[in-house]
Every structure is written in structure tokens, then in C-alpha cells.
Amino acid sequence: MKEKKNNAFTRWFYGEEDTLLDKVEMKPQKEYAPREGEIRELMKEREMLREQIYDVEDNHKLRLFHKMYQIAAVIFCLTLISIMLVTVSWLPPNGDPDNPVNNEVSARYIESGLQETGAVNIVTGMILDYRAFDTFGESNVLFIATVTVLILLRLDKEKKALAKPGVPVYQKPVDELTIAKAQADDRVYEPKNDVILQKVAGFLVPIIIIFGIYVILNGHLSPGGGFSGGAIIGAGLILYLNAFGFEKTERFFTEKTYKWTCFFALTFYCLAKSYSFFTGANHLESGIPLGTPGAILSSGLILPLNICVGLVVACTMYAFYVLFRKGGF
Amino acid sequence: MVGPNLFINYGEAVAVILFGIGFSNLLLQKNLIKKIIGLNIMDTAIYLFLAEKGYIAGRVAPIVVDGVQEVEAYINPVPSGLVLTGIVVSVSVTAIMLSLTIRLYRRYHTLDLDEISMRLKKEGL
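Chain order of the listed sequences is A and B.
For the first sequence, the residue numbers in this note's numbering are 186 to 514.
For the second sequence, the residue numbers in this note's numbering are 283 to 407.
If you are wondering where the hints come from, they were derived from the structure by calculation, not from laboratory data.
It is possible that some hints are incorrect.
[To be verified] Derived SDA-like pairs (lysine to any residue); straight-line CA-CA distance at most 20 Å: (1) B:K316 <-> A:A258; (2) A:K246 <-> A:E236; (3) B:K312 <-> A:Q255.
Make a model of the complete structure from these sequences and hints.
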């Protein structure tokens, strides 16, 4: 048995004491219950709509249109499939080495990819060296998608309204955002304390994350790379979040973490690859050693670029989950 | 009319049929989530088609083993990179569509596209 820990930090770390208790004002979160009148109004409205839509006597034109639409859609899809099947039947035979797809581009990648990029995995050498700006664009697509989801789903406009001082809670307007926020925020039910999930997650999450790191770091040596490894790490983070709740994950992953990780990863990617392309196009020595093929520290910029891509993908996967679950980090 | 390679290209044929199934799902379903599922089936069909195009019979994945660098040893690496691009774009598009669906649900409390358009008409938009 260890002696009693008197340090405030260690006590907080082991969850024995909340240091902010009685120092800041805290209110228990109320469970959301919609007003009865609202629900009834909504139901009535929906019933009226349904009557309008599905009323056969008044709406036989609409019904006819739906039937015609379905028949037309089926016919259109069948025509599309048969046209494409005929096209497929005229395509060159599958698996033939003399097909026009297997031209000098892929031959060049296979024959001199190892010498020019230093990567044993030719696909990684292709997407992170010859076509690195394409992959940069993909990482940016992921980042922009997260930003768009954040814009569409964030719910903190009403958070500011609730924080307005001097107005009691029951006088604040119940608008759509508040309802959505209350429905989306399931933190009232935390901590969940699901023992089986927590035990299994405590055992599995480190293994999953280490496996993800392995896949990222071996991207130039074996199948895998930044995208798949980042997705694995993101899955591990989501499992951790489901088992232990937002309180634990917010200690190391907040909106700020997401912002700065993505910013640094994308900026480093852009600068490093711009330098490499600039020196390459002007026949200058880039000074980036390619190393021995097959070693973990080899193939020039591919390993750091893989790490950048992996960070962006892992953050994006986790951010998607968090945004869909409660609208905001 | 039908060419000679329909049964040799059975992978591509399956991809095309899968594409049609996804497309009909997109057209026929009224539920927005099911429409998104249909679009994802179409994406998957495209990946299968690209992977089939890159395959060469009897060759292995393009990872250099024992220094063998002959073109005859490996499959075409270009479609593999294209599939990777496709997956990333599909994930992003799906996420944006799902968040738009959530916004629509918050506004109209239904996922039925007909009901949503009826309400839009009723509101005079």
C-alpha cells in the first residue's frame, strides 16, 4: 500500500478529488424535456401534412407521378446497367499484361521507383513522392470536410446565450438550438461506468494505437501508410472515448489540439514537399538522404510526410465522431 | 452486340451491377440516410472497378521483395493510388452529406424527402 498522496495534482490525476469543487460555480445539468404543447403542435402538423400527401382522392396526380417516377427510375437504372455491361464486355480481358492500362508510366514507377524515391512500397513511393501534391490535396480535403461539418453542426451560439448573466435558466428562450443541444449532449449520462467496456478498452486501446503507429511508420516498407494508420488510431481514440467519456479525452484532445495538429502537419507537408519539388525541378541537390532501401529511416521525405498524413487522418476521424455526437469538441 | 470478354471481365461486370444498384437506391429511396448509403455503394463499385483494372494475372502487389524490379513481377501500382484518393473523397463527402441531413432533421423533424419538400412549399419557399 502506498502512502497517502498529498500533492493536489496527483490527487486530481487519480480522480480522488476535484480541485475546482466549491471554487467555481457549478450547476448540475438538467435533463431535457420538451414542453407538451410543442410536441402536440408538431404531431398535429405532421398529421395534417400526411393527410395532404397521402390523401388518394385529392392527390391522385401526385400518386400517379410517384408511380411513374418509380417505373422510370427502374427502367433508367436497368438501361444504365445494360449499357455499362455491354461496355464491359468490350473491354480488354482482365489480368492481361498487354492491356493499355499497363503502359510506360507504371513500368517506370516499378523499374526506377526504388532508386528515385527509396521506398520499397512502390504505391507509397508513388503517392508521396511523384504525386505528393495530390496527397496534399487529399489531406486538405479531409481538413476542409471537418471544418464544413463543424460549421454545419456546431451549437455554441446558444451556449453564449445561456451564459448571459442575470437571467435565470427558466426564463431563457427555448429555441431550436437549445433543443438540439440538449438532445445532442449526452454528457448528462456520464460517467457511464460500463465495466466490461472499460476493461476491454483499457486492454485494447494501447494495442490499437501502437498498431496504428506501426502501420504509419512502416508505410514505405510494407502495406499501409498514413491514411490506413491514421484511421486505425482514430478508431482507437473513438473506442477510448466511448469507454471513458468526454471528461477523460478532453484532457488531451480538444478543439485546440485538433487545430494546431492539423495546422502544423499540413504546413510542414506543404513546405517540405515544395522544397523538394523546387530543388528537383531545378536540378539542385536537395540534401535529403534517401538511405538504404528497407531501413526504417530511409526514403527521404516519405516517412515524415506519412506521419503528417497520419496525424491529419487520425484527428479527422476523431473529430467527425465527436462532431456528430455532440456538435462541437 | 455483346463483346467477347463479358465473362472474363466478371469483376468489372460485378462492379457495374453494384453501381447500378447504388444508383437505383439513390433514385428510389425517400429516406435521406438510405440515399447516402446508395451513394456509398456507388463509391465502392468504383473502387472495385479500379482495383480490377490494375490487376494482372499471376503477379504480386507492388512491394519490392529481394530487389526484384522487373515490370513482369508486379501489378500496376497506379490504380491503387487512385483508389486511395477515391476513399478519402468519399469519406469527406459522406460526412458533409450526413451533417446536412442532421441540419434538415433539426429543421423539419423528418428524413422523408417528400415531406420536407411539402413543408417547404407550405412555407412558401
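Hint check results:
Between K316 of chain B and A258 of chain A, the direct Cα distance comes to roughly 16 Å. Compliance with the 20 Å bound is thereby established for this hinted pair. Under the criterion of a C-alpha separation no larger than 20 Å, the hint pairing K246 of chain A with E236 of chain A is consistent with the structure, at around 15 Å. Of the supplied pair hints, the one linking K312 of chain B and Q255 of chain A holds, its CA atoms being roughly 11 Å apart against a limit of 20 Å.
Hint violations for this structure: none, all hints satisfied.
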